[in-house]
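Number of protein chains: 2
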Amino acid sequence: MSRLKEFKPIFYPRSMAVIGASGSASFKFGSMFLASLKGFGFKGEIYPVHPKADMILELKAYSNVRNIPSEVDFASISVPADIVPSVLEDCVEKGIKAVEIFTAGFSETGEEKKAELEKRIRTIAKESGIRVIGPNCFGVYCPASGLTLLPGYDFPKESGPVAFIGQSGGYAVNFCAEGKGMGLRFSKVVSYGNACDLNEVDFLKYLAEDPETEIITAYIEGVRDGRGFFQALKEITRVKPVIIWKVGFTEAGSRAVSSHTSSLAGEESIWDAVFSQTGAVRVNGMEELIDTTVAFLHLPGNIGTGISVVGGGGGIGAAGADAYEKAGFDLPPFKPKTQDRLRRLYQPAGTGIKNPLDTGAPIPPSRECLEAIAEDPGIDILVLYQFINFIAAGGSPEAMRETIAMQAGIKETYGKPIIAVLRPTPADVESLDAEQLWRKAKDMYLKADIPVYLSLERSAKALSKLRRYQRCLDETKTKI
Amino acid sequence: MSRLKEFKPIFYPRSMAVIGASGSASFKFGSMFLASLKGFGFKGEIYPVHPKADMILELKAYSNVRNIPSEVDFASISVPADIVPSVLEDCVEKGIKAVEIFTAGFSETGEEKKAELEKRIRTIAKESGIRVIGPNCFGVYCPASGLTLLPGYDFPKESGPVAFIGQSGGYAVNFCAEGKGMGLRFSKVVSYGNACDLNEVDFLKYLAEDPETEIITAYIEGVRDGRGFFQALKEITRVKPVIIWKVGFTEAGSRAVSSHTSSLAGEESIWDAVFSQTGAVRVNGMEELIDTTVAFLHLPGNIGTGISVVGGGGGIGAAGADAYEKAGFDLPPFKPKTQDRLRRLYQPAGTGIKNPLDTGAPIPPSRECLEAIAEDPGIDILVLYQFINFIAAGGSPEAMRETIAMQAGIKETYGKPIIAVLRPTPADVESLDAEQLWRKAKDMYLKADIPVYLSLERSAKALSKLRRYQRCLDETKTKI
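Taken in sequence, the protein lines are chains A and B. For the first sequence, our numbering gives the first residue as 81, with consecutive numbering after it. For the second sequence, our numbering gives the first residue as 81, with consecutive numbering after it.
Careful: at least some of the hints might be erroneous.
For chains that are exact copies, the list does not tell them apart, and a pair is met inside one copy or across any two.
[What the hints assert, rightly or not] For lysine-lysine, the following PhoX-like pairs were computed, each having C-alpha atoms within a straight-line distance of at most 25 Å:
# : residue 1 : residue 2
1 : K434      : K194
2 : K415      : K194
3 : K194      : K417
4 : K193      : K417
5 : K406      : K260
6 : K285      : K520
7 : K193      : K434
Keep in mind the hints are simulated off the structure, nothing from the lab. These figures come from a predicted structure and were not determined experimentally.
Turn these sequences into a full structure, and let the hints steer you where they fit.
What follows is the structure, given as structure tokens:
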């Protein structure tokens, strides 16, 4: 069976049983999930399952999944841990193809009796062929089918090219919420917890084939099958980028992943080798994960190394040059012709026209300035360091739109990427108007495929990760 | 003459001449500065100087500084570069003790004729004893006397313990604006540009003595007197922390600092030695500079190494443990008694109670939970990873106030620092209400001397810099 077909009931279920929904106690996972699913707008049939209820959230409820009269593709399970195996057996009997088990309290507790329960789940899965996500997870989010995570009622309803898999439910939620703010939209998101049946390798292989997914991101605590993981990464990174945030390298970090998802974190040196030998992209922390994904999403296939940093202030250029050169890029001096053109635009006093370009004042660079730089054959990428109050000329959304449209036009005309470093607004309560403008400008930039970063350092880091991946791809192609 | 007395006309002038104020063209530096000074509320007399004007911004103007009938302590100069020397001679004749020269276009242009002008300024200063800040700078900000930078009319009017010196005017402005948002208040801020007379060593020595200043921060492109700088740092860091952001280490970075402030950036290996041998605190970028200053400002003299990371989600603990252990801290397992108490508070399923503490859900930890941890003898610092929508219980400022007050109470009762990692709000325009709450919560935390960070990684980095400084201090004391 092809992997796309095998995973269809998971990502595109036509009907879904929500086992353990009570409707009464809203803090119970089952009820929370039922509300999420309804609120988000699941497109198929929903069957709440609870031993005593008749109707839950205006849906007819069933006392056992076996009593549902119609076919059921997928089920979520949030019942006490010790009855999960028997509920799973009911699901098998009903002919359900896959389940997500939200319930926690299995091998991650470190208690033998509870680890035993997880073993039973795994055995049932192996013997019956039912596929299990979890336990101890938040499940699956797939906007195309209206399926969402346990607490994901307010996630974006439109699909996008970014997939995420992670053992942590919390980080899956944060990635969706914070990533959405930076313009990310998602194909599939999976929180898979203890990975007692389906694990990272299964999901990675599926996402590699999934036509909706262009960029794969992952938060990983430990892997069950190191060799399989390594081999899968090696193959998949040739097709799609895989951006991985791996944790658990220190003593306490490793203790934490063990008590969280019962994972073996693994030695850092082994992971160093995995990253250096597979082309997988290594990131550290949620910011880097999102920053890097933004770069992969909006920048073209081969970004080049010639950077120009443009800003109103000499310190910007100095710090930008340091950041980009340390990240493996070059800031070649502008060609004499470019310098001549820039000299006509900027008075020599208090400016610098060699690259970095210091325009002397924090107002955005003019069209003539950007044209001169974009026409310089040594420059591949224009990094613009800007402040929202100057882009918006003291608060004018119209001026902001014009400035960004002009910059986007330069990018299109010359086919050279622009990176917008848009400094954060001061965190005063009084600066909320500026923050609103910042967020609108950010949206305009992203819409024009111009990545937005809060600092030169973060932009340089994200671009270096994209560049490294592109170099790995080139090397692989050369070998073939 | 004592340094405090010598620098008094610079930081506490009773009267000030603004030379080159025209009042007509608002983009001219002189007029901009005059407006800043008036708007900010300079406490002394202001004398605009312009060859043709009678009145500027409702102040009587003079055609030459020599014609001012009263005594003048300090002057700003923003006239064309080639007449700066003669204007400076006028200042000497008038008996002015110090000037700040905003005009650019001297040695940083790389042109011999212009470098010659700067040499003349230096010679006049040396021979007459008048002190010069700049040229090519934004000057001095000192809220206590109502003196502000060239574009600093909206800076905080109240003083605080943080000083900043920097060759870049832009970064001086940004540090004040962004730092203010994170609760920083300033004693003295100096943008000193080309440093043709007064340089970083002079200002560092002054700030070391200045009773208003507790923390010295700096942005440095290059130093004029390496040996003097090294010696000064060594002495000053015993008295006050000096946090330095140094740029210009790469080829283009070094080119940028040369064209910006005519500085020699210096080899990175030499700077490595400076930092390792003096106790000066090294940071990279504006975020790190502010993050680190926040740690120095709000944390006590000896912070200890035992960290507990508390959050609702196992991934948080794993990432937090990695970040803090890699930064040189420990996450010791909680004592059995602590674990017993936490076990009673948190169901075992889906939580981890060994340190890091995974509370299972993103709601803030209860008083009982924090008390249990604060009473654990192995724990010195509590790092709380939180989301604003849960601190504020879905949008209630009252709930937010109560939560933060409770946490501040724990810190006070047990004398153990709390670090608030308060995740950024998603950058959607729709999340501005959450952003407003975030900013209010941030203010409440800072008021309670609880540092606020946007991520675990950034908090760990800032604390590691404070810890390193404290260890250096201890070693110095042991030697004595």
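Evaluated hints:
1. Within a single copy, K434 and K194 get their C-alpha atoms only as close as 66 Å, which misses the 25 Å cut-off; across copies the closest is 18 Å, which meets it.
2. For a Cα distance limit of 25 Å, the shortest separation of K415 from K194 across copies, 24 Å, qualifies, whereas the shortest one inside one copy, 69 Å, does not.
3. Taking CA atoms no more than 25 Å apart as the test, K194 paired with K417 passes between copies only; the shortest distance there is 23 Å, against 73 Å inside one copy.
4. Taking the shortest alpha-carbon separations for K193 and K417, only the inter-copy value of 24 Å comes in at or below 25 Å, while the best intra-copy value is 76 Å.
5. In this assembly of identical chains, the alpha carbons of K406 and K260 never lie at most 25 Å apart, being 30 Å within a copy and 30 Å across copies at closest.
6. For a Cα distance limit of 25 Å, the shortest separation of K285 from K520 qualifies neither inside one copy, at 37 Å, nor across copies, at 45 Å.
7. Taking the closest pair of Cα atoms, K193 and K434 come within 25 Å of each other only across two copies (20 Å); inside a single copy the shortest separation is 69 Å, beyond that limit.
Of the hints listed earlier, those the structure fails to meet are numbers 5 and 6, in rising order.
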